[in-house]
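The listed protein sequences correspond, in order, to chains F and L. Using my numbering, the first residue of the first sequence is number 1, and each one after it goes up by one. Using my numbering, the first residue of the second sequence is number 146, and each one after it goes up by one.
Because the hints were derived from the structure by calculation, they are not lab data. There's no promise every hint is true.
To be verified - With the Cβ distance kept under 7 Å, some of the chain L side facing chain F (calculated, not the full set):
#1 Leu209
#2 Thr210
#3 His214
#4 His221
#5 Glu223
#6 Met252
#7 Tyr258
#8 Ser259
#9 Ala266
#10 Gly269
#11 Phe276
#12 Ala348
#13 Gly350
#14 Asn358
#15 Gly363
#16 Ala387
Glycine residues also receive a C-beta, built at the ideal position from the N, C-alpha and C atoms.
Residue strings, one per chain:
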Amino acid sequence: MTVFVESFCSFFACFFFAIIYNTPKKELPFCGLIGSLGYAVFYCFTTPYNMPMFGAFFSTILICIMARFFAARHKMPVMMYVLPAVFPIVPGAGIYYALYAFMINDLYGAAKQGIDAFKISGVIVVAMLIVLSQPKIFSQKTECK
Amino acid sequence: MELKSVLELAVTVGEKLLVNGCGTHRIEAEVKRTLSSCNLIKTEVFVTTSVVIVTIDSPETGLLTMVKHVTKKAMHTERIAYIEEIITDFVKKNIDVETSIKEILNMESKNTYSFFVTSMAFAGAGAFRTFMFGGTILDALTSIMVGFCVGIFIQILTSIKILPFLVTICAGFIVGFVSVLLMRYGIGSNLDKIIIGSLISFAPGVPFVHAVNDILNGEHISGNIRAIEAVLSGIAIAAGIAFALYVWGYLAGGAII
Chain F
1 MTVFVESFCS FFACFFFAII YNTPKKELPF CGLIGSLGYA VFYCFTTPYN MPMFGAFFST
61 ILICIMARFF AARHKMPVMM YVLPAVFPIV PGAGIYYALY AFMINDLYGA AKQGIDAFKI
121 SGVIVVAMLI VLSQPKIFSQ KTECK
Chain L
146 MELKSVLELA VTVGEKLLVN GCGTHRIEAE VKRTLSSCNL IKTEVFVTTS VVIVTIDSPE
206 TGLLTMVKHV TKKAMHTERI AYIEEIITDF VKKNIDVETS IKEILNMESK NTYSFFVTSM
266 AFAGAGAFRT FMFGGTILDA LTSIMVGFCV GIFIQILTSI KILPFLVTIC AGFIVGFVSV
326 LLMRYGIGSN LDKIIIGSLI SFAPGVPFVH AVNDILNGEH ISGNIRAIEA VLSGIAIAAG
386 IAFALYVWGY LAGGAII
């Protein structure tokens, strides 16, 4: 039940974030759609089982597959769909807590939070590279990266 | 076809893609695609986060190099798509060089989202993100107001060309200050969730992803530069928020968080 509420909120969060990145008006709902499905997968892994890295990996794979599909259909660059959709998964909270601990001189806590955030970001990028460097199956307008 | 104009088109394409926030690998691919439409003996492209260097060699012109230094940065994916359409038309020889250059330089006047819409987007993104973090509806309302103020400030400060580092510090300060101000009026209860939700729209998550992408592709120069930019931007945000909380601690006579 909460999965639906979370993915609904994630749809609008990615929608507004795509406006900040100046995407064309026609592509905004698709960015929101990809973001909501990606975050739903991430939430299903994180909340019951507490495995954020697996969650980030599989949800980024799903996001990139859908982004390539839409980019081929709409003839737009792939990153236009990926960046707003990945936005809820990137650990902004981790970076904030890391820098906060750094400011109050809790260096061990800062290192732990910072390295956790870095690991999740690394997993996101590895998943992106795995999907986005596959050869083109459907004809696409430009080389995807 | 005048090859010097083609070189100028390639460098302009690289510069405009870099200004609008494209990844390094993709910029090099686009510039090479532009140059592939002519018969050249040798082409070399080198792009980092602030410079575009293109070299061509042909029997008519000899060895030519053009360098362009890029200082302004923004994030505008619609213009990236528009440039790629123009280059596709150019490569298929539907339009010629001068028209392409003129179209790309006229692109700046295409309509982007208005000031008010972008501020509402900062507000909305912050509100939904706070709600996703587990805040209550009142926290989300506080985030709307905080995000709106931040959106207004960021757009005003970038339009009068202040250094991006200072803009980020001011944005962090505004987030901290306005959230504590609204909390002291009784709206919202979880301070840290409001602050995290509001600042994620300009926190360096996505530049960090670009940085690791560049490093894994072997572009260590631009990868490391982008990583340091992301880290500095995070430090700027934290410094702004810490300063705001310190100011409130002084005004209220005790620690806030």
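Results for each hint:
1. Using the Cβ-Cβ criterion of 7 Å, the hint placing L:Leu209 at the interface with chain F is not satisfied: the shortest such distance is roughly 25 Å.
2. Annotation: interface hint on L:Thr210 violated; nearest CB of chain F at approximately 25 Å, more than 7 Å.
3. Checking L:His214 against chain F: minimum C-beta separation of about 24 Å lies over 7 Å; hint violated.
4. For L:His221, the suggested interface contact is upheld, since its CB lies about 4 Å from the closest CB of chain F, less than 7 Å.
5. Checking L:Glu223 against chain F by beta carbon gives a least distance of about 5 Å; that is within 7 Å, so the hint holds.
6. Hint status for L:Met252 relative to chain F: violated, with the closest Cβ pair at about 12 Å, above 7 Å.
7. With its C-beta approaching chain F no nearer than about 6 Å, L:Tyr258 sits inside the 7 Å limit, and its interface hint holds.
8. At its closest, the beta carbon of L:Ser259 sits 11 Å from a beta carbon of chain F; the interface hint therefore is violated under the 7 Å criterion.
9. Among the interface hints, the one on L:Ala266 holds; its C-beta lies about 4 Å from the nearest C-beta in chain F, closer than the 7 Å criterion.
10. At about 4 Å, the closest approach between the beta carbon of L:Gly269 and any beta carbon in chain F falls short of 7 Å, and the interface hint on this residue holds.
11. Because the smallest distance between the Cβ of L:Phe276 and any Cβ of chain F comes to about 5 Å, under 7 Å, the interface hint for this residue holds.
12. For the restraint placing L:Ala348 at the interface with chain F, the shortest Cβ-Cβ distance is roughly 5 Å, inside the 7 Å limit, so the hint holds.
13. Look at L:Gly350: its Cβ gets to within about 3 Å of chain F, closer than 7 Å, so that hint holds up.
14. Restraint check, L:Asn358 versus chain F: the minimum CB separation of about 5 Å is within 7 Å; hint holds.
15. At a threshold of 7 Å, the smallest CB-CB gap from L:Gly363 to chain F is about 12 Å, leaving the interface hint violated.
16. Taken as an interface hint, L:Ala387 checks out: its beta carbon lies about 5 Å from the nearest beta carbon of chain F, inside 7 Å.
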